[in-house]
Structures are given as C-alpha cells and as structure tokens.
Amino acid sequence: MTDPFVSPQRANRRARQRLDRLASGAIAASGIGVVAAVLAIGVYLTLAVLPLFEDASVEVDAEPSPATSGASIVWLAEDGEYWLSANGRVFDAQGEVTTLTDEPRVTTVTEASETLPLAVGLDNGEVSVVPRDARGQPRWSQATRWRLFASAPVAALHLQSTTHGWALAGRDADGQVAALWHDGGTARRIALPDRAEHLALGREGHLVMSQGTRLTSWKLSPDGSVAPSARAETAAPITALAFLQGSRTLVVGDAEGGLRRWRQRPDDQGWQAAETPYAALGEAPVRRLLALPRQRLWLALDADGRLGLYQAMSGQRWQGVAPEASLPVTLSSDARGNRVRWLSETGRLYRLAVEAPHAAVSTATLWMPQTYEGYASDEWRWAAAASGDAEPKYSLVPLAWGTLKAAAWAMVFAVPLALGAAVHSACYMSTRQRARLKPAIELMEALPGVVIGFVAGLLVAPFVEQHLAGTLALFICVPLGSVACGWLWRRLPARWEARLPPVGVGVGLIVPLALLCWAALSVSPWLEAWWFGGDLRAWMQQTLGWDYAQRNALIVGMAMGLAVIPTLYSLAEEALSGVPRSLAEGSLALGATRAQTLWRVQLPAAAPGILAAVMIGAGRAVGETMIVLMATGNTPLMSPSLFEGLRSLAANLAIELPEAAVGGTHYRLLLLGALLLFVFTFVVNTLAEVVRWRLKRRYRRYGARA
Amino acid sequence: MRWRLGRDSLWRWLSGACVALSLLAVVALLALIAVRGLAHFWPADIERLTLENGQQVAGIPRGGEAETRRYFTANRDLDGQVWRWIAVDSIVERETPASLVYVQRRDWGPFIGRLAAVTTPAGERLRGDAAESRLHQALAGDAELATLSLHNVEGRDVTLPFAQVQSLAWPNRMHVGDKLLAWVDGVWRFLSEAPGDGRVEGGVWPAIFGTLLMVILMSLVVTPFGVLAALYLNEVARQGPVTRLVRIAVRNLAGVPSIVYGVFGLGVFVYGLGGQIDRWFYAEALPSPTFGTGGLLWASLTLALLTLPVVIVATEEGLARVPGTLREGSLALGATRFETLKRVVVPMALPSMLTGVILAVARAAGEVAPLMLVGVAKLAPEIPLDGEFPFLHLESKFMHLGYHVFDLGFASRDAEAAMPLVFATATLLVAVIVVLNLTAILLRHHLRARHRALERS
Chain A
1 MTDPFVSPQR ANRRARQRLD RLASGAIAAS GIGVVAAVLA IGVYLTLAVL
51 PLFEDASVEV DAEPSPATSG ASIVWLAEDG EYWLSANGRV FDAQGEVTTL
101 TDEPRVTTVT EASETLPLAV GLDNGEVSVV PRDARGQPRW SQATRWRLFA
151 SAPVAALHLQ STTHGWALAG RDADGQVAAL WHDGGTARRI ALPDRAEHLA
201 LGREGHLVMS QGTRLTSWKL SPDGSVAPSA RAETAAPITA LAFLQGSRTL
251 VVGDAEGGLR RWRQRPDDQG WQAAETPYAA LGEAPVRRLL ALPRQRLWLA
301 LDADGRLGLY QAMSGQRWQG VAPEASLPVT LSSDARGNRV RWLSETGRLY
351 RLAVEAPHAA VSTATLWMPQ TYEGYASDEW RWAAAASGDA EPKYSLVPLA
401 WGTLKAAAWA MVFAVPLALG AAVHSACYMS TRQRARLKPA IELMEALPGV
451 VIGFVAGLLV APFVEQHLAG TLALFICVPL GSVACGWLWR RLPARWEARL
501 PPVGVGVGLI VPLALLCWAA LSVSPWLEAW WFGGDLRAWM QQTLGWDYAQ
551 RNALIVGMAM GLAVIPTLYS LAEEALSGVP RSLAEGSLAL GATRAQTLWR
601 VQLPAAAPGI LAAVMIGAGR AVGETMIVLM ATGNTPLMSP SLFEGLRSLA
651 ANLAIELPEA AVGGTHYRLL LLGALLLFVF TFVVNTLAEV VRWRLKRRYR
701 RYGARA
Chain B
707 MRWRLGRDSL WRWLSGACVA LSLLAVVALL ALIAVRGLAH FWPADIERLT
757 LENGQQVAGI PRGGEAETRR YFTANRDLDG QVWRWIAVDS IVERETPASL
807 VYVQRRDWGP FIGRLAAVTT PAGERLRGDA AESRLHQALA GDAELATLSL
857 HNVEGRDVTL PFAQVQSLAW PNRMHVGDKL LAWVDGVWRF LSEAPGDGRV
907 EGGVWPAIFG TLLMVILMSL VVTPFGVLAA LYLNEVARQG PVTRLVRIAV
957 RNLAGVPSIV YGVFGLGVFV YGLGGQIDRW FYAEALPSPT FGTGGLLWAS
1007 LTLALLTLPV VIVATEEGLA RVPGTLREGS LALGATRFET LKRVVVPMAL
1057 PSMLTGVILA VARAAGEVAP LMLVGVAKLA PEIPLDGEFP FLHLESKFMH
1107 LGYHVFDLGF ASRDAEAAMP LVFATATLLV AVIVVLNLTA ILLRHHLRAR
1157 HRALERS
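Taken in sequence, the protein lines are chains A and B.
Each residue of the first sequence is one higher than the last, beginning at 1 in my numbering.
Each residue of the second sequence is one higher than the last, beginning at 707 in my numbering.
Hints in this document: simulated from the structure, not taken from any laboratory.
It is possible that some hints are incorrect.
What the hints assert, rightly or not - Subject to a maximum C-alpha distance of 20 angstroms in a straight line, what follows is the list of computed EDC-like cross-link-like pairs (lysine to aspartate or glutamate):
1. B/885 - B/838
2. A/438 - B/1023
3. A/696 - B/1023
4. A/219 - A/183
5. B/1048 - A/20
Computed from a predicted structure; not experimentally measured.
Can you make the complete structure from the sequences, with help from the hints?
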C-alpha cells in the first residue's frame, strides 16, 4: 500500500536513502567481516595450540565396583573382562570360564599387555604361559607349563617378546633369579648367579636387577648363557624398577622416594643415571611403578599412598592421592594407556582415567636441551615423526635455529646489495633512470619462490659444490672490481667515453661485472690448486674440520637474498627519497661532498626507514618456504656452519604437516611452529610499520618547516 | 686527485655495483631458465661417437665440462640410463649420420637409433625407403602400421608397436626451417598434452588448466571482498586510531608467511569446514573424505585469503587518489553516499582495483607452499571441469605449474631426465607471472598519468 500523500519523488528519495543505508551497512558488515576473517588466523592457531599446554590428569572413579571373588583375585585382563583367582580359576562376567591350574596355587602374574603372552607364576616353582590370539584374548586351552625354580614359589615375573618368541625372568621369595628363553618350540632355563629384590626385563634379553643399593644389568642370550653387562650403585636402596616403552629407559624408585631415569648408554654398555631426579612424590619409599604403553608415561605409587603421573622427558605431570592407602594387588593398564585398573587388597576395583594426550610436551622439552635415548649428552633435537618404539624428539630449537640461520645469511647477502642499490638510485640516479629501474625490481619481486628455489637447489648448489673457491672469490672480486672499474673510467681518455653508450653506472657495470665473475670463476681452479691443494672442500674438511653439504646455508642465503632484495630495495629507496630535498641541498650548499651528504645527512635521516625495511625483509626471509625447502637439505641440525644444511620452521610445516595425525601432539606442535612464524612476522612488521609511520610524520614536519 | 678515486666516486661505484649485481642475477636467472627451457624442444643434431675401445655411442651433447662431456643417449630400456659422461680424449670419431632417428615413445622415454624395418598390420615387412615412406604416411594418418623395428648404434634390436610412437624425426636431416617447425610443434605439445609416463614426458596442460581455474576461482572470491573491505576502510568507517590500526594489521598480513595461510586453510577449511560438509552431505562416502581433504575449492579460498591484503592495499591506494572535491561535488548535487560511491568513486578507482586483482593473481599463480597443504596433486591428468554433473568439481585435487616444478625437480624418479621439463615449466610459470605483472605495472602507469591530468585540470 502506497501512501497517497507521498509524491513519487519523495518515495523515490526514500527508496534511495533506504538503499544508501542498506549499502553502507552491507559494506561495513563485509568490510569488518573480512578484517575479522583475516585476524582469525591468529585466533585459530592459538586455539589449536593451547591443548598442548593443558595439565594432565588422572581421575579415579568415585564408585569402586566390588570384585566378585574377593581378595583372592590376582589378575585382571586389560579390558576388565577376565580375572584370575589365586586358586587358578578364570572368570568372566558370566562366571567361571576355565580352570588354569588345580593344585599349585597362583602366586603372581606378569604385567598385562595386549600383545605379549600371559605368564602366571605358581607356588610349586613352575610358570604357566598362556598365548594370545590376534585380538589379544588369552587362549587358556593352549597354556604351557615350564619349570623356573625347583620348588620355591614364584614371587615375581616379567615377560618380554624376542625376535622369535619370548623371554621371561622370575624371582622367588628368597631372591633367587631364573629366566626362560623361549625360541620357537622349546624354552631354555637360565639361572642367574645373583640374588635380587627387584627385577625388570627389557627387549633383547636385557635384564636389570636390584639388591639394596646395587643395580646390576645382565644380558640373556638365546643359547641359554647369561653375561653381566654392568653394575652401578645408587644412593638409597632401590624399591621399584620399570622399563619404559622401547626398553631403553629404566625408571628407578628408591626408599627415600626418589625417582630417577636411567638410560642405556649409546654404546649399549650398561646404564647411566640422569643427572637430575624427577620431582619426588614424597619422602616415603616408592612402592610401585607402572609403565603405560604409550608416550613414555608411567604411574608411581609410594608407601604413603601418593600417586603420580610422569613422562620420561617432561617429568611429573600430575600428583594425587591413591584410591586406597594399601598397595594394590593388581595394577594394570589398557593397551592405549588411558585406563588403569586398580584392584585393592579389600577386593575393590577402581578405574583410573589417565588424561594426558600431550604429556611429552612442556616448555622445557621444547626449548631446553634434553638427553634422548641413544645420545650421550644433552642435545636439542627434532624428530617428531618417530615411529614404533623410537623416542619422539620435540625440541623446536633446531627449527628455530634453522629459520634464523637461513634468514640471517639471506640478510647478509641482501642487505648490502639492496641498500647499495637503494642508495645508488636515490642519490646517484636521474628520475628517468629510477623510473626505469623500479619496474625491473618489481618484476624481480614477483619471481616465484619455487623458481628461485629450484634453480638454487638443482643448478647453483651442484655448481658451487664444484667451484667453491671461485664462488667465494666472487665475494672479494666483485666489490674490488667495481671500484677498479671506476678508477679505469676516470683514466679513460675522453674520446673513448664519448663512444660508449650513455648509461648509468648501475647498468653500465653489468657487462664488466659479468666478465669479472666469469674471470674469477675460471681463474679460481688455479688458485685453489696453489693454496688449498686442489680441493678447497677437502682442505676445509681436513684443516678446519668443516663438513660440506651440497645444499647448505650459503646456497639458501644467496637464493633467499635474491628473493628479499626487491622488498628491501623498495622500502629503503622510499625512505631515502622521502628525505626532504632541502636537507641534502642545504648540506651540499654548505660545501659538503656528495659522499659526506650521503653519510652524514641522508642516511641518518632515513635510518629508521631503512631499519624498518630490514625488519620487513627479515620477516619475509623467516617465512619463505619453497626456497628453503629446495635449497637446503632439510636436516634439522644445530650447526652454525655456512656449509651445512638446516631445516626451517616453514619448510618443516610443508614437509610434515600433510602426514601428521590431526589433533595429535605432532600436529599441534607443527601448528605451534606456524603460530611462532605468525607472531614473529606480525610483531616485526607492526614495529616496522610504526617506525615508518612516525618517520613519515617527521618528514612531513620537516617539509612544513622548509 | 686525478690518480686516485675520490671517496665520492668510491661510494658511487660500489653502490652502482649493487644495482648491477642485482640486475645481473635476475637477468642471468631468467636467461638461464628461458634458454634451457626453450632449448629442450629444439631438435638438436644427434652425434655418433666412436670411442677408443671401439664402442659406438649415439647421443645429443648436453653440456659437460672441458674434459668430459655429457651426452643424452636415451634408450632407457636398453642401457638402464639416459645420460653418459664421455671423456673428450676417448672420442676417436664424431659424425652426424643422416640415418639416426629420434623416437619419442609413450613409455620408456625417447629412443635414439636407426630404423630397420616396419611391419604393416597385414604382416608385410618393409625396409629402406619403402619403410620410411610408409612410416611418413602412417604418421600423417594415411596408412596403418603394426610395429617398427629399430636398432641402436650398437646393433641391438627393439621392436616398437606403432601405437607407442608419440613423434618421430630424423633431426640430422632437418633444415633450420624444419627444426623451427618441429620446435613450435614441441612447444605446442608441451602446452596442450597431459603428462605421460613417470611425468617425465608429455606436456603440462592439466597443470596450466589447474592453475588457471584455481586463480579464477580465487579472484571471484577475493575481488568483491577485497574491494568491499577497502571501501569500508576508506569511505565508510570513521578515520581514527582504529582504522589506522586495522590498516596496519592488513598491511602486516601481506607479510605473514604464505605457509601459515596454508596451515590455516588446512585446519579451518579442509578439516573444519570440509569435514563438516562431509558429515552433512557425504556421510555415505565416509570415512573416505570428499570435501574433508585438500581440493580446488579450499586451495582457492586459502589463496583468496592470502591475496586479500594485496587487493585491499591497491584499492585503498586508488580510492585515496580520487580527489575529495569530486565526492563533495556529487554529494552537493544531491546524490546519496552510495550513489556517489557507485557513480563517481568506484569508476575512478576501478583501474587500481584491477591492478590489485592482477597483482593478486600474479602472486597466487606463483605461490606453492600453501597449496602443498590444501589440495595440489602430483598427477591429476583429468582436469576438474568435465561434462559430468556438476561439471566443475570443486572437491577434486588439481595440478599446479609451481608445484609441478617442485615435484618434477625434487621428487621424480629420474631428476636428471626431468630437468628439461622442469626448466620448460618454470619458463612458462615465469612468463605468465611476468606478463601479469607487466600488465599491472602498465595499468598503474596509465592510471597515474590520468590522475595527474585530472589533478591539473
């Protein structure tokens, strides 16, 4: 319904105004939306990284379920479905399944694991070994009996898989130790010549025993022999031992509540204690250690009923109170290490939920050197994509180092060249020449990184490897040569000058410099033969001990230098030509030479702008991906050498992110790398922008005064 | 003073050397890529070498050093390699016999040798000139052939089904004109064909198409949003510390590493949005992802986000150049703000918006790192546009020129054999980007001249 009193013109105007408001609203909404979407990058990365630093937790069920058969239960399957009572009966939820043994009573069972057979110790000195099917279910009917001790009851048992079968070590109540090595069909019994209070059996027949403060290590062999491999003393009597995943790290708990990590020496000869112990639970002796099957986590329980969750590298992640003060009869973990079952003496079953998805990451493991398995000393390492039982190494330092090293070398190449070019075009070039140079530099900026990187990696790198001396000679020849050209130019008779094409120094030098480069490269083999015995690389290796990698920091510095020159040049040139002309003119009028004006007036005035240019250029170099990816070997080394490879954060993302499991520790760490890059470039660029803005304001003030 | 170089001159020449060196590096780089990329298609003469030990080798000389030269000897199926380094001293005789034939095969790469005979489908075996003339007819499509009997210079036989022959030539018999034609033909094949066996042979058409399609989709997204954001910042929002802050932020985003945009695209577009779309619409295909994996759409969106600052900055520059008097005039005549924008401001700033979009396209065409995370494929010979509904397959993976360069050069089975193609692809990529940038530069130049004229009047 139209209002009859409104003329068509007014209606039209209203419609126009409505449209205007609508359009303004739409523009504002999409404008704000775009800006918000772009800023969302930082928010998203932060949100994705935060879970890495969440606290670990172990939650105990409020309501323990009473176990049916009372205190006689000695073993629970990982999923809690089966249990085994001391009189040899196996139950499931419906009732008795089978009878494992009638006469000898069950005394102990090996720690649960889904892949290894189940070994049951009996009170007549025998063990019963129950194999498992592919799904991890025990096959009770296929149980086999083996004799471990003559008659003494088995007090503790440990079982590990070997290449062809399994190995088992047990202890009786007196501390006698014996082992079985099962290889296909039969098992050999190995009697240990020493007594032990505590045992731990690792991969490949590594057996560790403790007696008081003495820790001994033995190597069991398939042929039934045993050899002592090392012995060590601890300060306090040992009360608990456990191997972590992969059996190359041993955790030792002592009577004073101390927890310490022992690791296999790199040469496989014995064990070495970590210098610093883990944060202790309390003063009371450590009673139980349960290694969880993933992430090198373990639970420690002391005599006062304190319970702690630890990670091999990052240390204590959680501490709390055990469900009951008394020691559990059975403590077992499921295959993923998320659920732990605790069966108390009073027959109550507790479930402990372990929530520690990123326990291996802490500020210290990211940034401080760590002693990894297989290394003799503290080191920074990145090997996050470790598979199997290999220990993942989560230090971001090598990547940050590689990033900064590549960027630093790129700046070493780019800054002098770009600033020189900027000075030349701002101070020594005519407006016309400058107008021609600018598009050329802009084109240079548009060269894709992948093209520069591929030329650097596939052509320049092999070339430099063969002509290292020549390349290094270039860095001396080119500046000297250009000065020499200037000197020659002065000496040239005037009539020659008239014949040469009238171009500026910048363009005119291209041909002489190209000739010079060619000459330097062709002369250098003789120089190399003369001074370095014909091969500079071999000489560096022998005399200085420097390794040479084909794709190294020198290559990436040159390539990335080329990539950042245009950015640096444009910004520095802008800063220099923005210096009010009145300043330079005043200086020249007062009798200063061009060089004096340049060094004393123009450069100081433009210094903040040049600094901003360098910062923005560095920001670009830090984030450049393809050039680093292609021009370096991508080895995460921590070497300062110009001739060794590196791996940058950005290249690491391109290599590893497509393969990382979404949401895992590795994935989130890679995102942390991305966040670091984002924050770094954002901060650097913002600072540079602020500097440039203030500089512009200052110039405007000068201009107003002039 | 005449004898020594003054301090003044010293700095002049040193800084001049910096300009010269930068230009030299770029010129050398471009020349190197272009020469090696384009030379690949030139049918070079094949040399037959007789070595000291009596061995005969046929190949095309391709670089090398003073003492040893490198020959491209082809025949991977016979020799297990396609390159040979031969010491110059060991060469007794060098000739270019007219009988040597260069066959580009569909499998196993090229073959260099002599044509012994051809067999027709009827089983007739032809030799000598008859064989050659029949072969020419067959290549022109006028006759049919079953197989070719070839043997290499040492006399080892190869029987090649005719269907395996991609092209065939006797380069030593060709005149410059013929070679030029063959070169043009080679370039055309490179541009129009799909990659062949092992990606070392054949062309890059899917990569060209993938790059183009991705860039077009990207500009469809980035143009409206970039322009709207610039209009908001410059025309709608009140100028103050907040807009200055936002402007600094936008400018900085141009400096955020491209790989970070790739990470964002992977996390938000691919795993977040794509995963959600899969759960809603493609639940029957799960767990194999449809949109929940890298693809054309996500790559375009990621690059749109990446190039947004470029468009915003360029558009803003254009908007700032529109004289305020024009806006005021329009408003004074009774136009609303929207009408002023639509009829006066935007038309005047249109060329600078176009410049921004072209620069964005140039940047996107050369960007590889984010694509490695959000959907580029090593080999996807089928282009994502076909006759099957919905015609444009936004979820499919695609090939990209830049990634093709990386992949061929660094991940291919035989990097040495792939090198010429890498150079050719790189030449193409650089050419595309240079053309785009030159357009933008010319456009801007033109624009500035126009504005100057406007300001003067």
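Holds or violated: residue 438 of chain A to residue 1023 of chain B, with C-alpha atoms at most 20 angstroms apart: Holds: residue 438 of chain A and residue 1023 of chain B sit about 18 angstroms apart, inside 20 angstroms.
If you draw a straight line from the CA of residue 885 of chain B to the CA of residue 838 of chain B, is it 20 angstroms or shorter? Holds, at roughly 19 angstroms.
Just to be careful, I want the Cα atoms of residue 696 of chain A and residue 1023 of chain B compared with a cutoff of 20 angstroms; is the pair within it? holds, 16 angstroms
With a cut-off of 20 angstroms on the C-alpha distance, tell me whether residue 219 of chain A and residue 183 of chain A pass. holds, 16 angstroms
Would the pair residue 1048 of chain B and residue 20 of chain A pass a check requiring their Cα atoms to be no farther apart than 20 angstroms? Roughly 10 angstroms between the alpha carbons, so the hint for residue 1048 of chain B and residue 20 of chain A holds.
Consistency with the previously given hints is maintained throughout, with no hint failing.
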